[in-house]
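Going line by line, the protein sequences match chains S and W. Each residue of the first sequence is one higher than the one before, starting from 0 at the first, in numbering that gives the first Met the number 0. Each residue of the second sequence is one higher than the one before, starting from 0 at the first, in numbering that gives the first Met the number 0.
In case anyone wonders, no lab produced these hints; they're calculated from the structure. Owing to the predicted nature of the structure, the values given are computational and were not obtained by experimental measurement. Glycine included, C-beta positions come from ideal geometry on N, C-alpha and C. Mixed in with the good hints, there may be bad ones.
Only pairs whose alpha carbons sit at most 30 angstroms apart, straight line, appear in this in silico DSSO-like list of lysine-lysine [unchecked claim]:
1) K351/S x K140/W
2) K292/W x K346/S
3) K272/W x K223/W
4) K114/S x K194/S
5) K536/S x K234/S
6) K290/W x K303/W
7) K206/W x K351/S
8) K351/S x K303/W
9) K129/S x K194/S
10) K234/S x K194/S
11) K137/S x K112/S
12) K194/S x K112/S
13) K109/W x K346/S
14) K114/S x K536/S
15) K170/W x K89/W
Beyond 12 angstroms from chain W on every Cβ pair, some chain S residues (computed) [what the hints assert, rightly or not]:
16) P173
17) Y230
18) N404
19) T474
20) Q492
21) I524
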Amino acid sequence: MKYVLKLICFILICLGAFPYPSTSGEIPTEISPQQPNQKNPARAILRMGIHVSKFNTLDPHRAASTSDRILADMLYNGLIRFKPGNSRQMEPDLAVEIPEPVMVRGKQTWTFKLKENIFFQAYPGESPEKLTALEVCKSFIKAADPQRSAYAGGYEGISVVVTGPHTLRFTVDPPQSPLLFLPKVANYAGGFIVKETVDERGMLRLKGTGPFYFINAPDDRHLLLNPHDDYFRGKPLLGGVDIYFLPDADQRLSSIVDQKMHVIVGETDARWLQRIKDKKDLRLDSFGVSEIVNIYFNTSTPPFSDIRVRKAVAYAVDRNQFLAPFGPGLVYSVFSPVPPYMPGGLKEQEIKALGLDYDTNINRAKQLMAEAGLTHGFKMDVVVSEVGSFSNNYRTLQTQLAAINITMTLHLVDHATMHRLIRQDFNPIVIYEAFRPNTDEFLSRFFHSSATISSGKTPATNFSHYKGIDELIETARLERFTSRQIKLWEYAQIKLLEEMVVYPLHHKNQIYVRWDTVDYGHPIISTTALYPQFTEKTTIQTQRDTLQ
Amino acid sequence: MKIHHKLLGVTLPIALIALLMGSYVTFHLSQQALHQIAQRWLKTRLDEAINVIHQQETFLRMYGITNIHAGTHKAQYDAKQGLAAIQIGKRGYVYILDKNGDILFHPDPKLIGTSMGQRPWFALVQQQTKGELNYTWQGEKHLGKFDFFEPWGWIVVATDPYNEIYGSLNKTRDYLLGMALWGSILISFFIVVMTRKIFNPLQLLVKGAEKVKQGDLNIQIPIKSTDEMGNLSRVFNAMAQEMKKNLETLQTSEQQLHYLNSQLLTAQEDERKRISTELHDEVGQSLTVMKLKMIMVEEGLTSKDHAAKQECEEMVQYIDMTIENVRRLCRDLTPTVIADLGLAAALMWLIENMEHHFDIAADIDLNNVDEILSLERQLLVYRIFQEALSNAVKHARATRLELTASQAQHKLMFSIKDNGKGFDMGHVRCRGFEERGLGLATMQERARMLGGNIEIKTSPGCGTQLQFTVPVDKGSKHGNL
Numbered sequence: 000m001k002y003v004l005k006l007i008c009f010i011l012i013c014l015g016a017f018p019y020p021s022t023s024g025e026i027p028t029e030i031s032p033q034q035p036n037q038k039n040p041a042r043a044i045l046r047m048g049i050h051v052s053k054f055n056t057l058d059p060h061r062a063a064s065t066s067d068r069i070l071a072d073m074l075y076n077g078l079i080r081f082k083p084g085n086s087r088q089m090e091p092d093l094a095v096e097i098p099e100p101v102m103v104r105g106k107q108t109w110t111f112k113l114k115e116n117i118f119f120q121a122y123p124g125e126s127p128e129k130l131t132a133l134e135v136c137k138s139f140i141k142a143a144d145p146q147r148s149a150y151a152g153g154y155e156g157i158s159v160v161v162t163g164p165h166t167l168r169f170t171v172d173p174p175q176s177p178l179l180f181l182p183k184v185a186n187y188a189g190g191f192i193v194k195e196t197v198d199e200r201g202m203l204r205l206k207g208t209g210p211f212y213f214i215n216a217p218d219d220r221h222l223l224l225n226p227h228d229d230y231f232r233g234k235p236l237l238g239g240v241d242i243y244f245l246p247d248a249d250q251r252l253s254s255i256v257d258q259k260m261h262v263i264v265g266e267t268d269a270r271w272l273q274r275i276k277d278k279k280d281l282r283l284d285s286f287g288v289s290e291i292v293n294i295y296f297n298t299s300t301p302p303f304s305d306i307r308v309r310k311a312v313a314y315a316v317d318r319n320q321f322l323a324p325f326g327p328g329l330v331y332s333v334f335s336p337v338p339p340y341m342p343g344g345l346k347e348q349e350i351k352a353l354g355l356d357y358d359t360n361i362n363r364a365k366q367l368m369a370e371a372g373l374t375h376g377f378k379m380d381v382v383v384s385e386v387g388s389f390s391n392n393y394r395t396l397q398t399q400l401a402a403i404n405i406t407m408t409l410h411l412v413d414h415a416t417m418h419r420l421i422r423q424d425f426n427p428i429v430i431y432e433a434f435r436p437n438t439d440e441f442l443s444r445f446f447h448s449s450a451t452i453s454s455g456k457t458p459a460t461n462f463s464h465y466k467g468i469d470e471l472i473e474t475a476r477l478e479r480f481t482s483r484q485i486k487l488w489e490y491a492q493i494k495l496l497e498e499m500v501v502y503p504l505h506h507k508n509q510i511y512v513r514w515d516t517v518d519y520g521h522p523i524i525s526t527t528a529l530y531p532q533f534t535e536k537t538t539i540q541t542q543r544d545t546l547q
Numbered sequence: 000m001k002i003h004h005k006l007l008g009v010t011l012p013i014a015l016i017a018l019l020m021g022s023y024v025t026f027h028l029s030q031q032a033l034h035q036i037a038q039r040w041l042k043t044r045l046d047e048a049i050n051v052i053h054q055q056e057t058f059l060r061m062y063g064i065t066n067i068h069a070g071t072h073k074a075q076y077d078a079k080q081g082l083a084a085i086q087i088g089k090r091g092y093v094y095i096l097d098k099n100g101d102i103l104f105h106p107d108p109k110l111i112g113t114s115m116g117q118r119p120w121f122a123l124v125q126q127q128t129k130g131e132l133n134y135t136w137q138g139e140k141h142l143g144k145f146d147f148f149e150p151w152g153w154i155v156v157a158t159d160p161y162n163e164i165y166g167s168l169n170k171t172r173d174y175l176l177g178m179a180l181w182g183s184i185l186i187s188f189f190i191v192v193m194t195r196k197i198f199n200p201l202q203l204l205v206k207g208a209e210k211v212k213q214g215d216l217n218i219q220i221p222i223k224s225t226d227e228m229g230n231l232s233r234v235f236n237a238m239a240q241e242m243k244k245n246l247e248t249l250q251t252s253e254q255q256l257h258y259l260n261s262q263l264l265t266a267q268e269d270e271r272k273r274i275s276t277e278l279h280d281e282v283g284q285s286l287t288v289m290k291l292k293m294i295m296v297e298e299g300l301t302s303k304d305h306a307a308k309q310e311c312e313e314m315v316q317y318i319d320m321t322i323e324n325v326r327r328l329c330r331d332l333t334p335t336v337i338a339d340l341g342l343a344a345a346l347m348w349l350i351e352n353m354e355h356h357f358d359i360a361a362d363i364d365l366n367n368v369d370e371i372l373s374l375e376r377q378l379l380v381y382r383i384f385q386e387a388l389s390n391a392v393k394h395a396r397a398t399r400l401e402l403t404a405s406q407a408q409h410k411l412m413f414s415i416k417d418n419g420k421g422f423d424m425g426h427v428r429c430r431g432f433e434e435r436g437l438g439l440a441t442m443q444e445r446a447r448m449l450g451g452n453i454e455i456k457t458s459p460g461c462g463t464q465l466q467f468t469v470p471v472d473k474g475s476k477h478g479n480l
């Protein structure tokens, strides 16, 4: 009965606030050139087609989806930043340098000194405002506020005070290693520095210090970003970035082939990728950071509150089949929730040695279902994102679960809606793609009870409603020896797998397609922003700038 | 055998034995040391292994995560990974047995599950909680250390094949043997080279001495160094030079001596001839006159002067006897029979005369010796025979003589053999000239004057044979020259 009510609710929502299909199909056949910055008429505007029909949020402290993170990266800065194109290296951003921690009265402190003459973006008629330590402090207070941030849980035990016009000090108690602390003040999630203002209509608006900003809110087609000419690293070489919502993969592909877009978000779909192979001057960029894709079970409610059912699903799933729809060399199977390339990630061999790989065994799955009293299976509804990788995975899962009489009905929604609904516990089983900058962040956000969606102290992405590894996560966070910290993370994952809270599927690279006239301004190895990153150095060569 | 060969024969075995013994001692001591090191090394590896396991097990308890069922497996998995990372040389390793002897972990995954429970050494492992193992595994001897990790019931063994423990030493053994062999060869070679270098001058000296022995006193040993050998060479050269001078002096003296001897003998013969002539012509004639006078005196005596007559007759007889003695003396001094009848007859006469005076018999074969030599040379031959026969009769007391003369090619060979008492030739040669007498020396001088040489074969009690050869004169009747 509960499922029926939930389904009715879902249908009403779809027909009302979140109609499907989205308006992204209304892209004009001809994209007229725009000149958002009349001061720099010669600068080209880069047009980018993204895979969603709208942004989920314009607040970087709530940004969770790839599209939201893309936008946040262009608009905001952190005290430090992951080097553009190479997330393995950090460098000062708004801060003059990356400080070393100092123990003061038994507490760990980090003192940052800000660069001077950094200006926030200014709306028409406004004068540029300088960045001060006070604004930075306010931004972190916002980031640590569960009411105003999705990443508040990461700032527990961290306090910040202004010690001068351009200096501020963080006190971290208990102490954290640089590996854990620095990403919290970097250009990622809660680390983005924002200034809350009120516009002429009395609406809250967020300003940043990044190289681009928007004046008009996005409509259902696109969002135009203007260049921030007072950007402290230099005036952007681009005349702006125009982000178009093109959730339909084919349409997105057509738009770049027809030279209506400079860059589009690619699809990790073998057939889709095959279609661009013959296109001269089109470049496929595959880079990190990889997003880990896991299946999360809601362990708080039946049927997945029964470990036997969860294990039955695990035995029914064949992770290799999930790879098939994706292009070769873009997606790799994983066997632990945290991928093996991150500290604490477990390798396939190790997981198999521990007997936690749940090698596909339908008979065993059926036996477990029978033990759980579900010999005939059950039905469930799930919402599925319009994004191809999500829908592919759900469809594969749907097929595999059918073998043990689990009927999964898929409801395709736009990406933002999926994000919202899965946070409202709509899906008893969630397939989620995510990157987190470190293992603590990953485990804390996905498996700590405080991050439980809808009910946690600082709700995040604990879709499993699991609280069995809280102590391990907290102990590991406080552990000063890295080797022990890693081992605790490993044990935490072993427990997750033993109790089948999560079934690891694969990790996938970011895929983007561009014309070779686009120069990002940096080489790309990996990026936490989940897109190639457009900076003040990004340019488009003029000879091919003939997009109509 | 040359000196350096002798040295090689001595030094090579000594060097080889010494080096082999040194190698063996080194090998043996090294083996003991390696064994001890291996024991300690395995102990440390085993301790490290136990520590790895202990850490994993402790970690579970320390963080209160023993409630995770797979956690213990994880800890054991990590422990095994840690053990796999422990290196014991190249072939050593750590493995784990359970209490029943089943292999729980081994670097070779195929062996996991293999039972060791029936192995003889496993009984020791079961009896003790820790200890040392010497066992054979897969046909190879191993050294092992084991310890028991009680919380998990693991018997942890750190082991290494002896072949690896002694591996480097075994290689060293071959190396040492090779080094000993080559070392001894090198040492011997060095000794030989040095010996040859040292003895080369000595060999030159030996060759030089041989040359000197052969009469070549012009030899000069090259002086290549200033050491003792160089000095010896220098002294040798000086000695050779001195000998050469002395020899030349001696040869000159000898020539002079020979000349004097020949002159003396010639003068002696001349004097004998003069005396003989004087005796014959003066004394003989006077005696003859005296005899005739006496005869005449006798004839002038009457019968009543019978006593005087008797005295005269006796005087005549005495004069005849004196004349005969003078004649004999003349013949002895100058055997004119040589000139009259030839050498053979003269020698026959000489022998007959000796047979007449001594109890001696002689076999004579002296044909074909007449007219081959000049008269002077026949006289010299005659004198040699005269002296030899005199010696045989007077000193050797010989009763039998054999005299032969034969011609061979361009030489006349004379032989006088007696059956006398003989004598020790060496003993005679050792005597002083004064004791030795002139007999032999005179015969040798005469033979030399004849251009030949005398050879005497004798020994006490075995008689004496004297031989000498005489070159045949040019233009002689029977000679070819």
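Verification of the supplied hints:
{"no.": "1", "hint": "K351/S x K140/W", "verdict": "35 angstroms, violated"}
{"no.": "2", "hint": "K292/W x K346/S", "verdict": "170 angstroms, violated"}
{"no.": "3", "hint": "K272/W x K223/W", "verdict": "65 angstroms, violated"}
{"no.": "4", "hint": "K114/S x K194/S", "verdict": "17 angstroms, holds"}
{"no.": "5", "hint": "K536/S x K234/S", "verdict": "9 angstroms, holds"}
{"no.": "6", "hint": "K290/W x K303/W", "verdict": "22 angstroms, holds"}
{"no.": "7", "hint": "K206/W x K351/S", "verdict": "93 angstroms, violated"}
{"no.": "8", "hint": "K351/S x K303/W", "verdict": "183 angstroms, violated"}
{"no.": "9", "hint": "K129/S x K194/S", "verdict": "11 angstroms, holds"}
{"no.": "10", "hint": "K234/S x K194/S", "verdict": "21 angstroms, holds"}
{"no.": "11", "hint": "K137/S x K112/S", "verdict": "16 angstroms, holds"}
{"no.": "12", "hint": "K194/S x K112/S", "verdict": "18 angstroms, holds"}
{"no.": "13", "hint": "K109/W x K346/S", "verdict": "21 angstroms, holds"}
{"no.": "14", "hint": "K114/S x K536/S", "verdict": "20 angstroms, holds"}
{"no.": "15", "hint": "K170/W x K89/W", "verdict": "15 angstroms, holds"}
{"no.": "16", "hint": "P173", "verdict": "16 angstroms, holds"}
{"no.": "17", "hint": "Y230", "verdict": "47 angstroms, holds"}
{"no.": "18", "hint": "N404", "verdict": "28 angstroms, holds"}
{"no.": "19", "hint": "T474", "verdict": "6 angstroms, violated"}
{"no.": "20", "hint": "Q492", "verdict": "10 angstroms, violated"}
{"no.": "21", "hint": "I524", "verdict": "30 angstroms, holds"}
Hint violations for this structure: numbers 1, 2, 3, 7, 8, 19, 20, all remaining hints satisfied.
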